[in-house]
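Peer 1: Chain by chain, the residues:
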Amino acid sequence: MSFRRFTIAAACLAALTAPALAETTVTVLHVSENADQKAVWDKIASDYNAEHKGVKVQFKYLENEAFKAKLPTMLQSSDRPDLFYSWSGGVMQAQDKAGFLKDITADVASVESAMSPTAVDAFKVDGKVVGVPFEVGEVAFYYNKKLFEKAGVKAEDIKTWDDFLGAVKKLKAAGITPIVVGAGEKWPMHFYYSYLVMRIGGEHALADAKAGKDGGFKNATFVEAGKRLRELAALEPFQPGYLSTSHTQSSGFFGDGKAAMDLMGQWFIGMQGPNSASGKGVPEDDIGILSFPIIPGGKGKATDTLGGVNGWLVTKTAPPEAVDFLKFFSQPKYAQEAAAHGGYIPVVKGAEAYITDPLVKRLAADLAVTTYHQNFFDQDLGPSVGRVVNDVSVSVAAGEMTPEAAAAAIQDAAEQQ
Amino acid sequence: MSTVETSYVEPARRMSANGWTTLVVFLPPALLLFTVFVALPMAEAAWYGFYNWDGYNRPEKFIGLKNYGYLIGNATFTRSLINNGLIIVVSLLIQLPLALGVALMVAGRIAGAAWFRMIFFLPYVLADVAAGLIWRFMFDGGFGLSSVITGALGLQPYYLLADKNWAFSAVLIVVLWKYFGFHMMLYVAGLQNIDPSLLEAAEMDGASPFQRFWHITLPLLGPMIRLSVFFSVVGALQLFDIIVPLTGGGPFETTNTMVSYLYYFGITRMRVGFGSAVGVVLFLICVTFAFGYRRLFMRDD
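Sequences listed follow chains A and B, in order.
Heads up, the first sequence stops at 448 in this note's numbering, and the numbers go up one at a time, no gaps.
Heads up, the second sequence stops at 303 in this note's numbering, and the numbers go up one at a time, no gaps.
Keep in mind that a hint or two might mislead.
[To be verified] List time: in silico EDC-like cross-link candidates among lysine to aspartate or glutamate, alpha-carbon distance up to 16 Å:
1) K244/A to E446/A
2) K249/A to D443/A
3) K128/A to E62/B
4) K68/B to D443/A
5) K181/A to D317/A
6) K200/A to E262/A
7) K364/A to D73/A
8) K249/A to D239/A
9) K63/B to E446/A
10) K166/B to E431/A
11) K380/A to E368/A
12) K176/A to E315/A
13) K244/A to E234/A
14) K68/B to E446/A
15) K87/A to D67/A
No wet-lab data here; the hints were simulated from the structure.
The shape of chain A in the complex, shown without the other chains:
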């Protein structure tokens, strides 16, 4: 082979391989099982791929529990994703402390100015931004209007905890199961405990307990919350066998019209139908939303909200294209699309106007005027303490554990961390 021929061959080879070499892949790892949400995301990815030659964004799915179990190992391997799903809170802080997350404060400032500040703050660790939120949610009571009517309960009259207990008694007297709860999985019960802590102790209760003030979790707020939870559970408001009911089953139980209320996050709206016996569930027109009642004398307001904040975190070794995609993803036009078709509440301001579902609209309206938004306790506290909160919520409700012992158990877990 002459030298000239060789160079031509080499040039051809280079020409052939060059595009392949220049291709940057951005992998996004998520846990969403919501098909509508996934469809919106796929569209954003394909739009981005079409506009950016040489970059390929890929969404990859892992089942929730598998995701949580595998992520620590994945982040330490060369197989780590560039962007990954996060509930913020304690786990995110641990990931940051271990040095896996990229500081993107300067990069995303422009897109974050258009977002809800509480959601943005959830993805900060010590003032630096490590992730960008896309969704915010709210936990509230969903109630069956027909069953309320049958028992003579008026939702608009339920403002305080005592009003709420009164409604439970009325429903029970009318032969209706007042509340369905998937306590077999524990975390659905921790929504009660969390909201009670928020209503009694106000917006600083959890932060103070974490900081160890006034005996940490052993302080009066947490004990009082346990007592109120037991007060409710003592009325036997839950469906029979609630200790073994899964979260999925419980939404179906509501969908079958067998219980009047369920305290749940926004995903409940899409779940009660498919999991009911008929597959249709309670028609949306017959479902109402009720905010968690206030405790007279408590520091919390009726407009304080509990709910998840989900977003994307960027790994340390991610290429610049990953951050670029994140900015592309966070554009208002995609948030509007998600609001209209994705079945979730985007964090971009103004996107809530595009929401079509009346129930989601109501939640978005609550979130727009929230006086204090609290992330899920079990996410905020991280898995080792968070799961103890879930455990004790069920034990206290069932009368297996005293409110004092429950508060002490959480404090023990916090100290062992």
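Given chain A's structure and the hints, the job is docking chain B onto it.
Peer 2: Chain B only, in chain A's frame:
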């Protein structure tokens, strides 16, 4: 003794070049796999057990034996240990005799024996997780088999899996149902290896069916029974896959086994150091049992 030794040394001394080749070619891959996938992880787990570690980066917070200290007197862990013990007791006292009884019936050349064997063996083929899910529905007081029974008797619906005193019996029932077929198959294989002429001879000598079973079948089945006890106990100590879909360890953590305890309190809570300590305890129990049992009962097998 010395004669035995020399007879063993002889072939070793004569180990040819061929034998060395075999050793050099076949030992390293096996040794490497064993080291990388068995020995190293075990050593690592033992090391992690001394740390308070969430699984990120290197373990740094050395806490000595504290993880083991948490286990002593921990009500949930104690309950898990007791549950493992209960599974062993039920396996040995109910499952194995039952398996042997059924094996005696279906090992012979009766009509449809092969079918019966297959039917009894089927649950064992099913994945543990699937079995757990199926039985979760069966035990459901609202619409499961349990609701049919309470309905027929005119009783209130009963939710076994929500009853903290009796939920673990659900696990025991599923274990019995699922693994009984496996032990039956072991016994069937053992029974078919027994020379029928021995039983015929005993019959001619006037031995009753019970005498034939007690003095001939049972002793000859000994090795198989010892093996099946071994599998039963080791299986009971490692039970996990049925628990998760069936009860998830609840209600109030009364239905955990040691492995599900490790999973729920170590892995899902990201307390990898603590979980490792539980793993070490489990490992020690298993190893002590396995070696002790083999020395005591399986020497001749």
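Peer 1: Does each hint hold? Answer for all of them.
Peer 2: Quick rundown of the hints versus the structure:
1. K244/A to E446/A: Distance of about 13 Å is within 16 Å: holds.
2. K249/A to D443/A: Within the cut-off at roughly 9 Å; holds.
3. K128/A to E62/B: 13 Å, holds
4. K68/B to D443/A: Between K68/B and D443/A the Cα gap is close to 14 Å, so the pair holds against 16 Å.
5. K181/A to D317/A: 13 Å, holds
6. K200/A to E262/A: 12 Å, holds
7. K364/A to D73/A: 15 Å, holds
8. K249/A to D239/A: Within the cut-off at roughly 11 Å; holds.
9. K63/B to E446/A: 14 Å, holds
10. K166/B to E431/A: Roughly 10 Å separates the two Cα atoms, so the pair holds.
11. K380/A to E368/A: 13 Å, holds
12. K176/A to E315/A: 10 Å, holds
13. K244/A to E234/A: Roughly 14 Å between the alpha carbons, so the hint for K244/A and E234/A holds.
14. K68/B to E446/A: Distance of about 13 Å is within 16 Å: holds.
15. K87/A to D67/A: Given that 16 Å is the threshold and the Cα spacing comes to 22 Å, the pair is violated.
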